[in-house]
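S.K.: What follows is each chain in one-letter form.
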Amino acid sequence: MTRRTFRGKVLPAGLTIGPVTLWLVFFVAVPLLYALVMSVCSIDGSYNIVYRFTAENYRRLLDASYMQIYGQSIFIAFLTTIICIVLAYPFSFLIARAAGRKKALLYMLVIIPFWTNSLIRIYGWKTFLGTGGWLNEALLALHVINAPVDFLFTRAATVLGMVYCLFPFMVLPLYTSIEKLDGTLLEASADLGATRAATFARVVLPLTAGGIFSGSIMVFIPCLGYFFVSNILGGGNSDVIGNLIERQFGKGNNWPLGAALSIVLIAITLLLVKLYQRCGGDMESFGA
Amino acid sequence: MKRNTRAAAGRGVGILYCTLIYLFLFLPITVVVSNSFNASTSKPYLTWKGFTLAWYGRIFENGPLLESFGNTILLAVISTLLATVVGTLAAVGMYRYKFRGKSAIDALLYIPVVIPEIVLGISLLTLFANVRIQRGMISLILAHTTFSIPYVIFNVRARLDGYDSSIEEASMDLGAGRLQTFLHITLPVLAPGIGGGALLAFTLSLDDVIVSYFTNGQTMTFPLKVWASIKSGVAPDVNALSTLILLGTIALVVLTQSGIVKKKRG
Chain R
1 MTRRTFRGKV
11 LPAGLTIGPV
21 TLWLVFFVAV
31 PLLYALVMSV
41 CSIDGSYNIV
51 YRFTAENYRR
61 LLDASYMQIY
71 GQSIFIAFLT
81 TIICIVLAYP
91 FSFLIARAAG
101 RKKALLYMLV
111 IIPFWTNSLI
121 RIYGWKTFLG
131 TGGWLNEALL
141 ALHVINAPVD
151 FLFTRAATVL
161 GMVYCLFPFM
171 VLPLYTSIEK
181 LDGTLLEASA
191 DLGATRAATF
201 ARVVLPLTAG
211 GIFSGSIMVF
221 IPCLGYFFVS
231 NILGGGNSDV
241 IGNLIERQFG
251 KGNNWPLGAA
261 LSIVLIAITL
271 LLVKLYQRCG
281 GDMESFGA
Chain A
289 MKRNTRAAAG
299 RGVGILYCTL
309 IYLFLFLPIT
319 VVVSNSFNAS
329 TSKPYLTWKG
339 FTLAWYGRIF
349 ENGPLLESFG
359 NTILLAVIST
369 LLATVVGTLA
379 AVGMYRYKFR
389 GKSAIDALLY
399 IPVVIPEIVL
409 GISLLTLFAN
419 VRIQRGMISL
429 ILAHTTFSIP
439 YVIFNVRARL
449 DGYDSSIEEA
459 SMDLGAGRLQ
469 TFLHITLPVL
479 APGIGGGALL
489 AFTLSLDDVI
499 VSYFTNGQTM
509 TFPLKVWASI
519 KSGVAPDVNA
529 LSTLILLGTI
539 ALVVLTQSGI
549 VKKKRG
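Chains as they are written, first to last, in the numbering used here: chain R, 1 to 288; chain A, 289 to 554.
This is chain R alone, in the form it adopts within the complex:
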């Protein structure tokens, strides 16, 4: 290598790409591999990690009590995703088709609530839904109910919290895909005699399917891990996989088992992302 190519190419390439490479290797690749190693270790009587291979954690992953929570977690994530699609699709359509300045404002109004800490907002829901909360007071005043009802600590409350936290992650990709939609295609379809329903089903829906796919990934996957939502609103009646992991790194103090549970989450994530790419999904839509 000549001195010239070193100064001209290798040095600037190293200076720009070097830091990020080191960072990602040390703080993403190594920790994940480390968790993988830990998942086949065990603990001794005083909670120290014993570095000797064992498949025991993976065997325990198949316990019926855990299986029940995976099922519940996937059910909650599925329901949350469906509700988000149904609520966000018409909404994104309406704001993406609004006129110039108004559009930017409507879009901003979706983002602004998310600048308040997510725990505080979930706590806001807790006080709203609780027995002394606004919802009960309103329903009592309207004589819909005669005695306060506790809406908290139900699976429905957890799903509500999840939908609330993840709704913008559905709106953003939908908004982008709808905004890109070429209006003349809709006119062409109508001119050619298609009804509005037919235009929607055969033109609009296929062209915005990418947005629905990436939104679904961005809602479904975090939903499996958001332990704080089920903890605050579900009160232990609607645990997700995240709660299982959190417990092993907290009270349970069994890091190897917690690591094995995380591998379950990684496996589900990889599976869904592969499926997404197989369907022609674009990874770049996750970054926006």
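These aren't lab readings, by the way, just hints derived from the structure by calculation. All of these numbers come straight from a predicted model, not from anything done at the bench. Hints may contain errors.
[Claimed, not checked] Here are the computed lysine to aspartate or glutamate pairs in the EDC-like style, where the Cα-Cα straight-line distance is at most 16 Å: (1) R:9 <-> A:457; (2) A:337 <-> R:137; (3) R:102 <-> R:182; (4) A:331 <-> A:525.
[Stated by the list, open to error] Residues of chain R clear of chain A, computed beta-carbon distances all greater than 10 Å: (5) 5; (6) 62; (7) 149; (8) 242; (9) 254.
Glycine included, every Cβ here is placed at the ideal spot set by N, Cα and C.
Position chain A relative to chain R; hints supplied.
M.R.: Showing chain A alone in chain R's frame:
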């Protein structure tokens, strides 16, 4: 005529629908903001006992709360700076140079974005425990920088997509050095992307619960303080501080956005 009324009705339904969605999005914030003005002094601070500004004064008497807030700001500023520098350099380098392992770096970048935060949190925890990086502000900074870097890169990369690199050649032809060209030509063009990425990194750090929960050691951030107090009922001074943070973030974004818009025009 019939068509017009139908269109008007359709528009009415649309407006109603959007209003309901916005109500849903803003409802818990309304609860928090209104509770910050609630004069009620007994747990769980729910019943409305009249209007007061006292809780805003109480923030400044609550030492641990102030400290957690200070930690949150310090953490957000430092991790944003680190992520912005590393991310901007990376975006420029990946745009300009072809090298082996580029697709591997690309794949690694998506991991923190796609995997559930709890997985990143626990794997960083196991790393920090093993290499004896003391858990506290340092580990929090490392963790927050890690999840912020990809977002900075994606934002800068989006800006580079429409970038005409011939202006750099022009600059070098006119005798400017590589560094000079980078500082005076490349950086100003990328500024809106860098600014957008930094802003996103800052708000992500400010709001992070899950990754911090596993990597904080004894250091309290504001979200973790909220988490700790949620079981017993969040005190209204926490609501007051949340309201102030929301106002501060809105001000920050409005200021930077208008700055970015002006630069784009100029």
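S.K.: Give a verdict on every hint.
M.R.: The hints, checked one at a time:
Of the supplied pair hints, the one linking residue 9 of chain R and residue 457 of chain A holds, its CA atoms being roughly 15 Å apart against a limit of 16 Å. Taken as a hint, the residue 337 of chain A and residue 137 of chain R pair is honoured in the structure, with Cα atoms around 15 Å apart against an allowance of 16 Å. For the given pair, residue 102 of chain R sits about 20 Å from residue 182 of chain R by alpha-carbon distance, which is inconsistent with the 16 Å threshold. For the suggested pair residue 331 of chain A and residue 525 of chain A, the alpha carbons sit about 13 Å apart, so the restraint of at most 16 Å is met.
Even its closest Cβ contact with chain A, about 12 Å, leaves residue 5 of chain R beyond 10 Å, as expected for a residue assigned away from the interface. Residue placement check: residue 62 of chain R keeps its beta carbon more than 10 Å from all beta carbons of chain A (closest about 20 Å). The Cβ of residue 149 of chain R sits about 16 Å from the closest Cβ of chain A, beyond the 10 Å cut-off, so the non-interface label holds. The claim that residue 242 of chain R lies off the interface is violated: its Cβ sits roughly 5 Å from the closest Cβ of chain A, which falls inside the 10 Å cut-off.
Residue placement check: residue 254 of chain R keeps its beta carbon more than 10 Å from all beta carbons of chain A (closest about 12 Å).
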